[in-house]
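Asks: Residue numbers (the working numbering), protein chains in the order written: chain A, 1 to 322; chain B, 323 to 657; chain C, 658 to 1163.
Among the hints, a few may not be true.
[Unchecked claim] Part of the chain C face toward chain B, derived, beta carbon under 10 Å: (1) L756; (2) D770; (3) V977; (4) L1079.
To be clear, the hints were calculated from the coordinates, so they are not data collected in a lab.
Ideal Cβ placement from N, Cα and C applies to all residues, glycine included.
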Amino acid sequence: MSSADTSVAWSWRQASVPLAVVGAVAGLALVGWLTTPEFVTYRNVQSIVRSAALIGIIAVTMTGITMAGSFFSLSVSQTAAMAAIGFAAFMSWGWPVWLSVLVTFGIAAAVGAVQGGAVALGGNPIVVTLAVGAVLFGTGAWLTDNKTVRTGTDAADWIGTSRPLGIPTQTWTFILITVLAATVLARTRFGRELTLVGANRLAAAASGLRPGKITLYVFTVSSLGAALAGIFTAAQFGQGRLDQFDGADIDSIAAILVGGAAIQGGEGSALRTAVGAVFIAGLQNLMVLRGFSFGVRILFVGLAILVSVSAFTVLRNRRQMT
Amino acid sequence: MRSIQRVDPTAWARLGLFVAVFLVFSWRDDRFFTTNNVFTIFEGFAFLGLAALAVGVTIIAGELDLSVGSAAAVAGIISVSVVEEIGLIPTVLLATLIGIAYGSFQGYLIYRLRIQSLVFTLGTLIGLRGLAFIISGENTVVMGNLEIAHTVRRQLWIFSPFSLVTLACFVGVALFLINTRFGREIYAVGGGRQEAIAAGVPLVRPLVLAFALSGALAAVTGALTSIKSGSAGPAAFETLLLPAATAALIGGVSLLGGRGSVFGIAIGALTLRFINSGLSLGGAPFYILTLATGIVLIVAVVLELLIGRPELRARWRRWRTERGMGLRTSHHPAG
Amino acid sequence: MARLSAGTSSEPYLRVDALSKAFGSIQALDRADFEVGHGEVMALVGENGAGKSTLVKILAGMYPPDSGRIRLGGSDVQFGGSTQSEHAGIAVVQQELSLVPSLSIADNVFLGDTRRGWRTRPGALARAAAPYLEQVGLTELDPRVPVEHLSVAERQLIEVARLLARDARVVIFDEPTAALADREIQRVKTVVRSLREQRRSIIYVTHRLDEVFDLADRVTVFRDGRSSAPTATGGLTLDQLISMMLGGTLEGLFPERATAPGTTVLHIQNLMTDNVTEPVNLEVRRGEIVGLAGQLGSGASDVLRAVAGHQPRVSGTVAVSGRTVPPTSPAAAIRCGIGYSSSDRKRDGLFLQRSVVENLTSPSLDHVTTAGWLRPRAERSMSDRIAETFTIDRLRLGSVAGALSGGNQQKIAVGKWTGHPLEVLLIDEPTRGVDVGARAEIYRHLRTIAEQGTAIVIATSDSQEILGLADTVVAYFKGTQVSVRRRTDTDSLLLTREITHPQEAA
């Protein structure tokens, strides 16, 4: 086999993961179109993207953690809930919107940095974030007496309810953050360093890159993304509640995995994660339209994750061998 | 004979923590040490201990089973549905068998696909939760005859059939892990996977066994807890992972794999149980227990970072001396 | 497989005939013969890449041979895997140990032993392990202690105890003393002698020639995949053995030497670090290639690692063009113009799942970014330039590094340092796992980089490589710098002596 041949062969294999993701979405759209006429309509697609928006924002901002080789964060649902509660509380104290947003982000950044620091020092990301999630939940419940916190004002409603050009702010933000994250990951030094740190932490350190710093940043960014989702929810409903984001961490991890990010790091894309979030929302939507029960829907999401991660692992293992 | 400590030095710290927690709460509250309260602690231990053992075994094997909560929920629903027809003991045996079958299959796939257990068990975590909703018809399944529930939680001095079964599971798993080659292999692939394979350990066996154990223990947890309460909800055990992992980790199970003991897990589960019982007796609401568990887990992680890993300790020392020297030479030349 | 009856004829216990094995274009073994008798210690020596480790791995059942015959106790055997080889009674004491650190000594002695029952009561296991530990001289240890508390030598002996527990008839030692101190080496030697007394067959692979004369009855020399006839050590001199190892020179493999080197760039003063027992002083000039020669564990690699910030310095200073290099991290060394390519490129040299371009620009991100934004065109031209210098196929720049051959991967691991201005390039084992064609290319490229004004230091256990490439040759033995000589003042005989057996060379 000549070298030109092999290079073509390799590029096909390298494209296998993105192709699989695109194929899955196309397959879902096709099945939906064939079985359920109302599935592929502008209105429905818009509602799918909208329902994917908040999980999508959390998932896209968490993609950095996965790509940098620190698996996931299990504290994003509590971070989002804390942000919602905090924002609602600040608003109810009569703070201006900008200050409430700023302080909420500030707290979230600190919470993220603490976790990133612990992981950078060698803590297991799963356990660190599990623990911090529990502490956030406990603290939040303790401070609020486990009650709903209302903003008591409509000053911030526009954040959660306005629809510029007929599209909700959440959807706009989801799209913007995806574009931003995709650009940062693919076109900036930070994105490159992050990818290389995830691909091989030792080689990255040997090349003069700073794995610790990157780890700190990715957890901070993820925390900020979760806080953004929290602010949106608090602004939309005028209240923050601790259980508002139950299951958001699992859902966003599912989006990342369906999007084909390599669990051991060094590979992934914000765009594919966003597609993963939309895929899961679309799957849910289709199943609702088909009248599937709640349990069946969860089961299928679980199966989608199992099938996709198994397929991606097998594809990657085959590519690494030979 | 050269004297080298056979026991991990941090074990004493863990035992000390256990005794300290016990003393603090028994001293602060005189109700703490009554037969009834000790019984309650053991009931809680039965629930938490089994789950901690399930998670702990997979961590010892160098893996992590996130799906224990969902597996327990499915087992609980099945058990509550069939217990009145086939009786208590057959039900528990059935749940155990289902857990073993599920766990072995999961372990085999993880071995075969060379996939990270973290990712795979996340999929089963979600999938089994869906299954729990499906088989329960999205409703809590209730037993008509509460006689059986009473059997499980009947108080025998400080024990109940539930906590006795738990103790039996602990003894059984301990004997298996210590006294059989298969148990030692679980430690081996966790403590040094490449080395163990080089020594001739077939990776598939310890992986399948570890996940089978985890599945069986999760199933027993779900079955007995649900039967005891007379009902099983599809959303039950959702937050099981946090206390289970915490108990295992403060019991000395290392996330690096290959380290930890059944006895340690028991101590860890009891410690956490004491903290929770002590706080509940003091009137603390449930979220304070979550907060306490989270703090205990953070302390455990930090301790493991500082004590369990000599190279990190060395780095810490180096960092401190560098800083110390920097201060002396550049900022405080006189002193 | 049935237990083989021992000593049925005059035939040696283990005999290998015309064994061949190729990896891609590299002929690792070329119709090699080998034998070892009952109660015999057969030394196996040769330069790196001569085929020793391939033979060991085939005997251990890890590779199947392409052709040839293995006879054990008078009958033909074929190993489909390591378990079968083990059941046939062949066992290897590996360089990379196969002990699980967190498990007890007794657990490790019986780990993976399929012939033992399933019961492992700790007390009983400890009692069962005791006689084997006694045989290897570890009587002072409690078998229930975790292995992680033991020294490297003790671990090695426990590996031997494991082989005894499995009743191995053929015991292969693969460079057992490379990482050991003198006193510990004595323990290993004692064990080898006692195994010989038990009429076991011992294959002793080593780079330390003093051990050959000390321990072995006969010696087989491997060179370029071929074997010499076994020679009794009694009638052999050290010089004869060395010349058997070296053979003819490799014409055309090495480039022409450069013009006179320039000013001194790298100053190393009184450097002490792990595995180095005497302070190291060294100066390297622009355009010069300095070769640190030494076997595994000699300290040569440690000097490079310490200079590059990959391992802590105990004392001493390093300066590049008068600028002190802080000992803190690789990043600090890189900022001072130091590049370092380790001996294990897969571990910390390459991003296997990322593209060649991303690998090549990874240490030079500052030079391909503006205000934090990557400049794809700058990246492309930088990697094109490196690819041209190092003759990497430009069509492959977009492929993942893991898909390339070992030679190309090594070119990436070294070439990536030339993307930005480089003062000093340190390379540990420049051509490990690289075929002859790519070796010649890498040597030529290194000379080119040197001529452009970079100071190059290589560390290698291959004396051919040092003599062919280096302008200045520094010999290391067990943590000390034995000599610093100009290339013209040394030869292969002298150098090989200095790095294997310096007492006699002095």
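Asks: Each hint: holds or not?
Replies: So, going through the hints one by one against the coordinates:
1. L756: Result: holds, 6 Å to nearest chain B Cβ.
2. D770: holds, 7 Å
3. V977: violated, 21 Å
4. L1079: violated, 28 Å
Hint check: violations occur at hints 3, 4; the rest are consistent with the structure.
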